[in-house]
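Full structure from sequences and hints, please.
Chains A and B, in that order, give the protein sequences.
When the letters of the first sequence are read in order and numbered with numbering that gives the first Met the number 0, they come out as residues 0 to 267.
When the letters of the second sequence are read in order and numbered with numbering that gives the first Met the number 0, they come out as residues 0 to 267.
Among the clues, some could well be false.
[What the hints assert, rightly or not] Non-contacting residues of chain B with respect to chain A, defined by C-beta distances greater than 12 angstroms in every case (computed):
#  : residue
1  : Q4
2  : L5
3  : E12
4  : R26
5  : E64
6  : R65
7  : D71
8  : A74
9  : D85
10 : R154
11 : S157
12 : T180
13 : D226
14 : G229
15 : I234
16 : V249
[As the list claims (entries may be wrong)] Each pair of labels, with its calculated beta carbon distance range:
#  : chain 1 : residue 1 : chain 2 : residue 2 : range
17 : B       : P95       : A       : G20       : 33 to 39 angstroms
18 : B       : G97       : A       : V114      : 44 to 50 angstroms
19 : A       : R219      : B       : D77       : 40 to 46 angstroms
The set of hints was computed from the structure by calculation and includes no laboratory data.
Given the structure is predicted, the values throughout are model-derived calculations rather than measurements.
Yeah, the Cβ is synthetic: ideal placement off N, Cα and C, and Gly gets one too.
Protein chains: 2
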Amino acid sequence: MTVKQLTLPELTEACVRLGIGGVGLWREPVQAYGVDAAARLVRAAGLTVTSLCRGGFLTAVDAAERARALADNHAAIDEAATLGTDTLILVSGGLPAGSRDLAAARERIADALTVLAPYAAGRGVRLAIEPLHPMYASDRCVVSTLTQALDLAERFPSSQVGVVVDTYHIWWDDTAPSAVTRAGATDRIHAFQLADWTTPLPAGVLNGRGQIGDGAIDLRAWRDLVDAAGYGGAIEVELFNDGLWARDGVEVLRETAIRFVEHVVPKK
Amino acid sequence: MTVKQLTLPELTEACVRLGIGGVGLWREPVQAYGVDAAARLVRAAGLTVTSLCRGGFLTAVDAAERARALADNHAAIDEAATLGTDTLILVSGGLPAGSRDLAAARERIADALTVLAPYAAGRGVRLAIEPLHPMYASDRCVVSTLTQALDLAERFPSSQVGVVVDTYHIWWDDTAPSAVTRAGATDRIHAFQLADWTTPLPAGVLNGRGQIGDGAIDLRAWRDLVDAAGYGGAIEVELFNDGLWARDGVEVLRETAIRFVEHVVPKK
Numbered sequence: 000m001t002v003k004q005l006t007l008p009e010l011t012e013a014c015v016r017l018g019i020g021g022v023g024l025w026r027e028p029v030q031a032y033g034v035d036a037a038a039r040l041v042r043a044a045g046l047t048v049t050s051l052c053r054g055g056f057l058t059a060v061d062a063a064e065r066a067r068a069l070a071d072n073h074a075a076i077d078e079a080a081t082l083g084t085d086t087l088i089l090v091s092g093g094l095p096a097g098s099r100d101l102a103a104a105r106e107r108i109a110d111a112l113t114v115l116a117p118y119a120a121g122r123g124v125r126l127a128i129e130p131l132h133p134m135y136a137s138d139r140c141v142v143s144t145l146t147q148a149l150d151l152a153e154r155f156p157s158s159q160v161g162v163v164v165d166t167y168h169i170w171w172d173d174t175a176p177s178a179v180t181r182a183g184a185t186d187r188i189h190a191f192q193l194a195d196w197t198t199p200l201p202a203g204v205l206n207g208r209g210q211i212g213d214g215a216i217d218l219r220a221w222r223d224l225v226d227a228a229g230y231g232g233a234i235e236v237e238l239f240n241d242g243l244w245a246r247d248g249v250e251v252l253r254e255t256a257i258r259f260v261e262h263v264v265p266k267k
Numbered sequence: 000m001t002v003k004q005l006t007l008p009e010l011t012e013a014c015v016r017l018g019i020g021g022v023g024l025w026r027e028p029v030q031a032y033g034v035d036a037a038a039r040l041v042r043a044a045g046l047t048v049t050s051l052c053r054g055g056f057l058t059a060v061d062a063a064e065r066a067r068a069l070a071d072n073h074a075a076i077d078e079a080a081t082l083g084t085d086t087l088i089l090v091s092g093g094l095p096a097g098s099r100d101l102a103a104a105r106e107r108i109a110d111a112l113t114v115l116a117p118y119a120a121g122r123g124v125r126l127a128i129e130p131l132h133p134m135y136a137s138d139r140c141v142v143s144t145l146t147q148a149l150d151l152a153e154r155f156p157s158s159q160v161g162v163v164v165d166t167y168h169i170w171w172d173d174t175a176p177s178a179v180t181r182a183g184a185t186d187r188i189h190a191f192q193l194a195d196w197t198t199p200l201p202a203g204v205l206n207g208r209g210q211i212g213d214g215a216i217d218l219r220a221w222r223d224l225v226d227a228a229g230y231g232g233a234i235e236v237e238l239f240n241d242g243l244w245a246r247d248g249v250e251v252l253r254e255t256a257i258r259f260v261e262h263v264v265p266k267k
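What follows is the structure, given as structure tokens:
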């Protein structure tokens with residue numbers, strides 16, 4: 000998504016040229032390209048698919064809506080398996096229209112996971128619950144903190160359900176560092192994503208994630224923390240940013256790689 | 000601020016007509032009208048000044064900037080005393096330019112409070128730390144949760160430093176209800192403010208607070224919780240909303256009173 004202006008072939012070629020060994024994919028461009036074709040393309044390029052984004056939106060009360068959400072998540076799991084990634088990222092969903100009950104919505108997510116987690120495990124896919132910044136709590140994701148995500152995940156085996164550590168969503172939270180340690184101790188950090196926090200936020204607050212190094216987050220400190228928690232997986236950079244999307248995608252990817260080295264790679 | 004389109008005389012007159020017995024004031028319109036004159040106006044109308052908003056912005060590193068902030072807070076305390084309110088609300092301040100250290104910024108707030116709290120107490124004014132929604136953590140307030148606010152407040156006597164419970168800022172937080180109980184147990188709920196959460200958020204995310212009943216927050220549940228915690232003070236409605244500001248202020252105040260009865264006053 001950081002460079003959604005690139006086609007999948009352009010993206011894989013640019014990754015290979017820059018020495019980026021893995022790529023996190025989103026469902027929509029993969030579906031548009033064809034899931035099997037995308038899997039072949041990425042495999043032929045020698046790239047790992049680090050994660051597929053995203054399943055989730057599991058908070059509906061209405062039975063038909065709920066059934067549709069579960070079917071869509073089954074499809075997402077199948078797509079992840081076809082792409083050869085072991086991680087499907089879940090954005091849980093917001094409050095149903097007219098509801099003000101966050102706790103009940105969170106409980107419906109747990110209910111859905113009891114169905115989805117074993118199905119995913121049967122296909123070699125882990126589900127990774129992503130807490131989203133509290134500014135998305137009503138309309139996008141009722142799971143707002145890493146602790147809430149872990150409380151949900153820990154009802155299931157760590158091989159089935161874990162969490163996403165995304166700096167953009169949790170950087171402000173002084174309880175998040177200990178939650179990272181807790182997640183690492185039970186092998187539940189299934190993905191680690193970076194974006195920086197910049198202001199002012201744009202209307203709708205979706206597409207204002209800052210390029211690495213442009214914002215308020217001490218990204219190297221978070222990387223050190225996640226390292227210390229025992230995480231050895233990929234580090235993804237996920238920027239939703241109208242400014243970056245308006246630029247040449249290969250140039251943005253190159254800039255992002257430079258910023259990653261400057262701000263995230265350990266200094267020695 | 001909910002009806003900032005009204006002059007202070009219009010505001011006090013409308014409050015009296017609607018049977019609203021108290022009003023929270025902001026410094027800027029009070030200063031423009033004259034602090035002594037505002038105090039006389041409100042007193043003559045028989046209204047209580049429930050709180051003065053706001054002091055704070057105490058996170059500067061630069062010595063001159065820090066001295067200016069302390070002087071401004073001393074002035075705010077004096078203004079609160081002149082207005083006859085016992086509560087000055089503090090918005091702590093964001094990260095200084097170029098800093099990424101939230102913990103150090105929070106510590107500088109505590110340092111400033113050691114100077115300000117006794118000064119305020121000498122004038123019969125309590126300082127109320129307001130946690131702001133995490134979307135303001137970088138540029139406005141590094142205190143993002145009620146627990147963080149309480150951790151700061153509890154370093155001082157409860158007669159000197161407490162917290163603000165504002166539904167807009169904490170509604171998403173599943174740890175906030177227990178923090179409300181903790182705050183009530185030590186008499187640290189110094190103000191209780193209501194606003195509803197509506198989306199999409201506007202650019203800059205400052206002026207999108209929802210009218211009571213328009214959004215995702217179960218306001219009556221929060222009121223019950225704050226009641227149960229032993230709070231017996233005023234309930235303020237504080238809406239920053241471009242749409243409401245564009246309308247007739249008296250009409251907005253009347254609507255707000257109706258919404259308050261519909262959505263906040265206990266049903267029996």
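Going down the list of hints, with the structure as the test:
No beta-carbon of chain A comes within 12 angstroms of the beta-carbon of Q4/B; the shortest separation is about 23 angstroms. Listed as a non-interface residue, L5/B keeps its Cβ farther than 12 angstroms from every Cβ of chain A; the least gap is roughly 27 angstroms. Distance check on E12/B: its Cβ is at least 35 angstroms (rounded) from any Cβ of chain A, clearing the 12 angstroms threshold; non-interface status holds. Chain A leaves R26/B outside its interface by the beta-carbon criterion, the shortest separation being 23 angstroms against a cut-off of 12 angstroms.
The beta carbon of E64/B is kept farther than 12 angstroms from every beta carbon of chain A, the shortest such distance being approximately 18 angstroms. R65/B, annotated as away from the interface, keeps every beta carbon of chain A farther than 12 angstroms; the closest lies near 20 angstroms. The beta carbon of D71/B is kept farther than 12 angstroms from every beta carbon of chain A, the shortest such distance being approximately 23 angstroms. The Cβ of A74/B lies farther than 12 angstroms from every Cβ of chain A, with a closest approach of about 27 angstroms, so its non-interface assignment holds.
With a closest Cβ-Cβ approach of about 30 angstroms to chain A, D85/B is found to remain outside the 12 angstroms limit, as its non-interface label requires. No Cβ of chain A approaches the Cβ of R154/B within 12 angstroms, the least distance being about 16 angstroms, so the stated non-interface status holds. For S157/B, the non-interface assignment is confirmed: its Cβ lies about 22 angstroms from the closest Cβ of chain A, beyond the 12 angstroms cut-off. At the 12 angstroms boundary, the C-beta of T180/B stays outside the reach of chain A, the nearest C-beta of that chain being 16 angstroms off.
With 12 angstroms as the threshold on Cβ separation, the claim that D226/B sits away from chain A holds: the shortest Cβ distance comes to roughly 18 angstroms. Listed as outside the interface, G229/B is consistent with that label: its C-beta sits roughly 23 angstroms from the nearest C-beta of chain A, beyond the 12 angstroms cut-off. No beta-carbon of chain A comes within 12 angstroms of the beta-carbon of I234/B; the shortest separation is about 18 angstroms. Against chain A, the non-interface label of V249/B holds: every CB pair exceeds 12 angstroms, the least being about 29 angstroms.
Between P95/B and G20/A the Cβ separation comes to about 38 angstroms, which falls inside the hinted range of 33 to 39 angstroms. Between G97/B and V114/A the Cβ separation comes to about 48 angstroms, which falls inside the hinted range of 44 to 50 angstroms. Checked against the given bound of 40 to 46 angstroms, the beta carbons of R219/A and D77/B, roughly 44 angstroms apart, stay inside it.
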